[in-house]
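**Q** Here's the letter readout for the chains.
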Amino acid sequence: MTDWRFLQRKSFIELSGRERAQALFDAGTARELLGPHDRIESPWLERQGVTPQADDGCVICKGLIGGEAAVVVAIDGAFQGGSIGEVSGAKMCAALDLAVRDNQRGNKMSAVLLIETGGVRLQEANLGLAAIAEIQASILALRRYAPVIAVTAGTVGCFGGMSLAAGLASYMVMTREARLGMNGPEVIEQEAGVDEFDASDRALIWAIHGGEQRYRMGLVDALVDDDTAQVVSAVRTLIAKGLPAMHRSQQVEMLRERTRRLDPSTQWEPAEFCATWTRGEKA
Amino acid sequence: MIETLEYEYPDRQATTARAHVGAVGSGDLEVLLEPSGTNRAQVRIRTSVSGFASTWKTVLDRFFSRYDEAVRIEINDAGATPGTVALRLEQAVEASRR
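As you go down the protein sequences, you meet chains Y and B in turn. FYI, the numbering for the first sequence is 0 to 282, going by numbering that gives the first Met the number 0. FYI, the numbering for the second sequence is 0 to 97, going by numbering that gives the first Met the number 0.
The hints are simulated quantities; they were obtained by calculation from the structure and are not laboratory data. Yeah, the Cβ is synthetic: ideal placement off N, Cα and C, and Gly gets one too. Check before you lean on any hint, since a few could be wrong.
The following label-pair restraints were derived from C-beta to C-beta distances [unchecked claim]:
#1 Ala94/B / Pro263/Y: 49 to 55 Å
#2 Leu32/Y / Pro34/B: 28 to 34 Å
#3 Glu271/Y / Thr54/B: 27 to 33 Å
#4 Ala136/Y / Asp67/B: 49 to 55 Å
#5 Leu32/Y / Thr37/B: 26 to 32 Å
#6 Glu185/Y / Glu5/B: 35 to 41 Å
#7 Ser25/B / Lys9/Y: 22 to 28 Å
#8 Asp67/B / Ser232/Y: 44 to 50 Å
Covered stretches of chain Y (chain B as the covering partner; in silico rule of three or more C-beta atoms under 8 Å from a C-beta of chain B) [claimed, not checked]:
#9 44-54
#10 67-81
Next up, chain B with everything else stripped away, as it sits in the complex (with noise of 0.2 Å):
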């Protein structure tokens, strides 16, 4: 069944940042991004393979810690591989500055 997970990021800057990447396919997640309206960012995850919560953790930790907007994240996933989860988060964080 899909697990949701839910993370929270504290102290943020306001942004205006927007933006949309990736498609739900096999091996591949979406990533919506946007003005989350608090001074915290909020990450919402629905993944269609469950039991990888620390996984997911530790990859948004990571990019948490050289991202710092307020945004709102949301991630529709398909079993993608850690490493695809960060190039598409990078992915939105770019298209968001274009």
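This is chain Y alone, in the form it adopts within the complex (with noise of 0.2 Å):
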């Protein structure tokens, strides 16, 4: 039987990158920064025949979440499939060092990245890797004060570099229909072949990179339905449980013997890989 109860949910994915930012902030504190109308557009873009957007694709708002200051970073999957600019990483990374100040001021200030993005603005090329490296940086400073929370919802799902960033972060939150993964199915298929990955296969796809999987594999802290009141409760959880004892980027040595355990020269089975990456531990 189809459980009906979805239809009575307000959908997270539907919203635009604004309109999800916005519904993480306790009501009436949200205020943007950098919005479209100051015009902090990408200079790279229209000399290559792509339109720019007026906020490239990055809002940026503070306000109070669960009664705590926070600022929230927003990459909207619909602009060049949320693709990391010059501009749109030097908002990311300004929102984050900000906050780095807020926190050494001895005001508590924590971030929330909603990414949706295939990583690196391939019409920016190097911009956009320097981005990520100081993204990268930056996450790193902030984590040492307050918590940095990654979401990815959908439908993009977060890759490429970014998708490395997301690993620095203190908690990681995803749905089913959310993906992560460094390189995209389609990028291995063109590198090593179809029958490496084939990219046409959607169940494949979110056997390995979704929601389900990255959660099961300890990747992830809370997988939500796409439910904008169950995605607002896990950033809140997260943001009031402060910084966790050890990031999970910190646990070199626990990750290295789990990779350890797999050997790339069989084509491992989805289920198989995750049964043998938790094996004998909590994820």
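Two chains, two frames, some hints: make the complex.
**A** The structure is reproduced here in structure tokens:
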């Protein structure tokens, strides 16, 4: 029987980047910084025949989440696949750096990154790569003081350098619909052949990159339905929880040991892969 | 390449209207609407699909036959159909009145 209750949920996936950012805040506390009317757009796209967007696909809002000060950075997957360019990257980086300064001055400021991206914006090449490196440095700086929460709801997912940035976050939230991975399916198929990865096989893609598998592997702290109330509740809970005892990316020995269990010369089934990865340890 | 089109509509009413709607995704557009600071309405369109100036003019003429505020409208277009453009303009007006 189909559970029709999903019809009563307010979808998070269907919200724009701006609506997603605003939905996280306590009512009436959200304030957008460098909004579209400020016209901080990419100087590189127009000369390559791509129409720029007035906010470069990056929305920054400050306010209160569950009564605690937070900055939310939302990458809008609708514009250029959420790709990170010089400007959108600089906006995200500056928001994180200002949050570091707030914390250093004794004002706790957490950060939430709503990520829908294929990674670097190819039209901006090295500038996008540099931006992602800076974002990663800024996440590392901020997570010493306050939690950085990465949310990938779908449908774009989180790929490329930004998947590494998400891996540095204190906590990760995903839906079943979202995907998380370094290389996307089409990139793997193109580079390694269809025998390695059939990018038209959607069941395979979600079995490997999907939120459920990533949660089972222990890479995700909260797996939520495509429901705005659930996303908000998960983010609030994680902000209230504060910093983890140890960040996931600091558990180097544990991750090395797990990686050693996996022989890359064999073709792994997603379920078997997950069982081997998590064997004998809590996810 | 990107085509930039500019249009003006004279004798408009002063306004404080301000809105932003839409996204520059395939087949869609974003509309920024704000006061022009003059007695004219000014429109600037940047579109990734060139050669449709007369269609844009028709859509805008129809819009400004019913909307008389002295706004500056900026449109960033990624290949929206005329129907989508007309709806986004209406949506911007509605958002500016909330």
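**Q** Compare the structure with each hint and give your call.
**A** Verification of the hints:
Taken as a hint, the range 49 to 55 Å holds for the pair Ala94/B and Pro263/Y, whose Cβ atoms sit roughly 52 Å apart. The hinted window of 28 to 34 Å between Leu32/Y and Pro34/B is violated, with their beta carbons roughly 22 Å apart. The hinted range of 27 to 33 Å is not satisfied by Glu271/Y and Thr54/B, whose Cβ atoms lie roughly 56 Å apart. Between Ala136/Y and Asp67/B the Cβ separation comes to about 51 Å, which falls inside the hinted range of 49 to 55 Å.
Our hint of 26 to 32 Å for Leu32/Y and Thr37/B holds, since their Cβ atoms are close to 29 Å apart. Checked against the given bound of 35 to 41 Å, the beta carbons of Glu185/Y and Glu5/B, roughly 39 Å apart, stay inside it. In this structure, Ser25/B and Lys9/Y meet the distance hint of 22 to 28 Å, their C-beta atoms being roughly 25 Å apart. Separated by about 46 Å at the C-beta atoms, Asp67/B and Ser232/Y satisfy the suggested range of 44 to 50 Å.
Coverage of the segment 44-54 of chain Y by chain B holds in this model, with 7 residues showing a Cβ closer than 8 Å to a Cβ of that chain against a need of three. With 4 residues having a beta carbon nearer than 8 Å to a beta carbon of chain B, the segment 67-81 of chain Y meets the requirement of three or more and the stated coverage holds.
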